[in-house]
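Sequence order for the protein chains is L and F. Residue numbers -16 to 311, in the numbering used here, belong to the letters of the first sequence in order. Residue numbers 4 to 340, in the numbering used here, belong to the letters of the second sequence in order.
Note that these hints are calculated values from the structure, not bench results. On a predicted model such as this, the values are computed, not experimentally measured, just so you know. All C-beta atoms, glycine included, are put in the ideal place defined by N, C-alpha and C. Treat the hints loosely; a few may be bogus.
Just some of the chain F residues that point at chain L, by a computed CB distance under 8 angstroms [stated by the list, open to error]:
#: 1; residue: Leu108
#: 2; residue: Gly167
#: 3; residue: Leu256
Computed far set for chain L versus chain F, every beta-carbon distance over 12 angstroms [what the hints assert, rightly or not]:
#: 4; residue: Thr21
#: 5; residue: His111
#: 6; residue: Asn148
In silico SDA-like pairs for lysine to any residue, Cα to Cα no more than 25 angstroms straight-line [unchecked claim]:
#: 7; chain 1: L; residue 1: Lys161; chain 2: L; residue 2: Ala(-5)
#: 8; chain 1: L; residue 1: Lys141; chain 2: F; residue 2: Gly16
#: 9; chain 1: L; residue 1: Lys141; chain 2: L; residue 2: Glu5
#: 10; chain 1: L; residue 1: Lys141; chain 2: F; residue 2: Val333
#: 11; chain 1: L; residue 1: Lys141; chain 2: F; residue 2: Gly337
#: 12; chain 1: F; residue 1: Lys231; chain 2: F; residue 2: Gly16
#: 13; chain 1: L; residue 1: Lys141; chain 2: F; residue 2: Leu148
#: 14; chain 1: L; residue 1: Lys161; chain 2: L; residue 2: Val180
#: 15; chain 1: F; residue 1: Lys231; chain 2: F; residue 2: Leu216
#: 16; chain 1: F; residue 1: Lys231; chain 2: F; residue 2: Lys45
#: 17; chain 1: L; residue 1: Lys141; chain 2: F; residue 2: Ala335
#: 18; chain 1: L; residue 1: Lys141; chain 2: L; residue 2: Thr(-12)
#: 19; chain 1: L; residue 1: Lys161; chain 2: L; residue 2: Glu5
#: 20; chain 1: L; residue 1: Lys161; chain 2: L; residue 2: Pro147
#: 21; chain 1: L; residue 1: Lys141; chain 2: L; residue 2: Pro295
#: 22; chain 1: L; residue 1: Lys141; chain 2: F; residue 2: Glu312
#: 23; chain 1: F; residue 1: Lys231; chain 2: F; residue 2: Arg206
#: 24; chain 1: F; residue 1: Lys45; chain 2: F; residue 2: Gly337
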Amino acid sequence: MSTTTYVKAINAALAAAMRADERVFVMGEDVAEGGPYTATAGLAEEFGRERVRNTPISEGAICGVAIGAAQSGLRPVLEIMFIDFITLALDQLVNQAAKAHSMSGGQLCVPLVLRTQGGAGQRGGAQHSQSLEAWLTHVPGLKVVMPATAADAAGLLKSAIADPNPVVFVENKALYFKREELPADPPPVPIGRARTVRAGGDVTVVATSRLVEEAMTAAGTLAAEGIDAEVIDPRTLVPLDLDAIVRSTERTGRLVVAHEAVGFGGFGAEIAAAVGAAAFDSLDAPIERVGAPFTPVPLSPPLEDAYLPAAPEICAAARATLGLAAVR
Amino acid sequence: MGEPGAAPTVPSGAALAAPAALALLRTMWRIRVFEERVGVLKRADEVYGLIHLSIGGEGVAAAVCSQLRADDPVYSGHRAHGHAIAKGAPPERILAELMGRSDGLCHGLGGSMHLVDLEHGLMGATGVVGGNIPLALGSALATRLRGGDAVAVSFFGDGAVQAGHFNESINLATLWQLPVILVCENNGFAEFTPRSAHTNVERVCDVVAPYGLERETVDGNDVAAVWKAFGRFLAVARRGGGPLLLECLTHRLRGHYEGDPTLYRAAISATEWQQRDPILRLARQGTAAGWFSAEDVADAEREAREEIEAAVEFARRSPYPGAELPGELVYAGGSRP
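So here's chain L without its partners, still in its complex pose (with noise of 0.2 angstroms):
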């Protein structure tokens, strides 16, 4: 075991699957430099620059690159920048790798990873922190991967690279220099399993990326209420492991979502009908969100702080499945 960090995680990761696999290359705008959050510094040094491949600000076309080459036998992983701008790749994403394997009648693969990562508290304006996932997981044929960890960077990253279709994997970029205890060769984490990251009987609380450390500010806070919280942190959203949230919500009766995207309309929401559909006898209270309010990131540091939901948030609405609103 050894101390390194999120963005370490994922770089070594990086380093690792393309000493492993010839086919593995990277390629985005400024990775050869090792772009703005050191993802992939050293990589250029160590693979050189036809395998860590800096590319013009063209979204679109190095998406449709990396698509191309991912079905003639590469395994390439892209970078977008930011997840603000997957919009100049949606088209590429949503129309052609998504839709590849099942339109081909499964003649082609594209066994293509996009790292991209978004999250909001840098102060960095509304089209450099938004949480924009649940685009994603609503087209068939793109699995969609939110790590919360270094282990789950690591572990899932390794996963995605290994995997025959697209994955879209969301980093947040507050999460990439936390520090965090690792082995040296992270384990491979399966896609599509989630995590319980802290057992509990009142309420489960479901929460994604950033938000599941959130989560365990709030179980702590619960604690010391006498509220046995227990977090679950889906890791993949698509395939979601629904089972390991029924099962889990089954036992406690009380079910809160969270994730630092819009509420309305967000992958939450998703979560809560299934939920709802699954285990409506054994819910005790009704499902509460967690999630940003209906306005674009604010800049201004006071407002983004209130803009962005956090421990407060999550404790509020668990309290709110045991009847305790008047504590909110």
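Got chain L sorted already, so can you dock chain F onto it with the hints?
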């Protein structure tokens, strides 16, 4: 059926001659008859979806694809039947695809605008105009990184040239010097409107001129000209050179799609079309040059009609796919959300 995807019969860049000329004529007749038959089937509601025919433009598909190997990846757009046939896809399986049947190339999940035949190197057609041009670059990049001399080809119309992905792709292909040949079928119309209503630049070769890539504009209805120009480009790309752009000026005899009333333009006169029709032109040229006989020409048409009728019967007999198929093919490896 047919002898599609056959190895190139002459060295790249040579002038057209027998027996390649006769093979081209046969391919063009197969495309022509196929598409005329599809037009009839569309009116009878036997084929589904938006159907875009390339009647009048068969020469480009034939002259380009007949010089390619099966492992040369080809991408096409919404008007893809001719490219598929010329690249070697069996007409009966294309037809079954258009009818949504299980023996279709894509088991009925793709349709006219999404033909794929991996065995013959048809990597995909797309309904998003120009949307897969960058994918052809990706296939070329794969060749570069893995080694090999396969050449990627992307067919698209002049309507795609105003799209962002075309311009991004030209920049990237030239920057990375990818072994890809971009074949623009410039029929002068983007869907319903003439090129002049979309851009001030008449020739696609002029659009890409600042990037300095090798390019040429040819009469796309002159099969011998397309053959020669493309063969020369192919020889360059085969040695790892590229990208190259071949602009073929063609005429779209039909509307944008089957059922398009084409109120936006006057029909070409029968006399003029007799002169320009690439099949009739090659037939005249070939018989005059002694590449083939008038009997060969008649045989080519007759054989095509027999083949396509058999294809129609094959497709009609094919069952619809099972209801479970779409769910099974969302993900390779079968996992579902």
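Pair hint outcome, Lys45 (chain F) versus Gly337 (chain F) [Cα-Cα no greater than 25 angstroms]: violated, 34 angstroms
Distance restraint between Lys231 (chain F) and Arg206 (chain F), which requires alpha-carbon spacing of 25 angstroms or less: holds, 20 angstroms
25 angstroms limit on alpha-carbon distance, applied to hinted pair Lys161 (chain L) and Val180 (chain L): Distance of about 17 angstroms is within 25 angstroms: holds.
Given pair status - Ala335 (chain F), Lys141 (chain L), alpha carbons within 25 angstroms: Satisfied, since the Cα-Cα distance of roughly 17 angstroms is no more than 25 angstroms.
Restraint status (C-alpha distance of Lys141 (chain L) to Val333 (chain F) at most 25 angstroms): holds, 22 angstroms
25 angstroms Cα cutoff - pair Lys141 (chain L), Glu312 (chain F): violated, 51 angstroms
Holds or violated: Lys141 (chain L) to Gly337 (chain F), with C-alpha atoms at most 25 angstroms apart: holds, 19 angstroms
25 angstroms Cα cutoff - pair Lys231 (chain F), Leu216 (chain F): Between Lys231 (chain F) and Leu216 (chain F) the Cα gap is close to 18 angstroms, so the pair holds against 25 angstroms.
Nearest-CB test (12 angstroms) between chain F and His111 (chain L): holds, 21 angstroms
Asn148 (chain L) non-interfacial with respect to chain F [C-beta, more than 12 angstroms]: violated, 5 angstroms
Given pair status - Glu5 (chain L), Lys161 (chain L), alpha carbons within 25 angstroms: Judged against 25 angstroms, a Cα distance of about 31 angstroms means the pair is violated.
Hinted pair Lys141 (chain L) and Leu148 (chain F), Cα distance within 25 angstroms: holds, 22 angstroms
In summary, the numbered hints that this structure violates are 3, 6, 8, 16, 19, 20, 21, 22 and 24.
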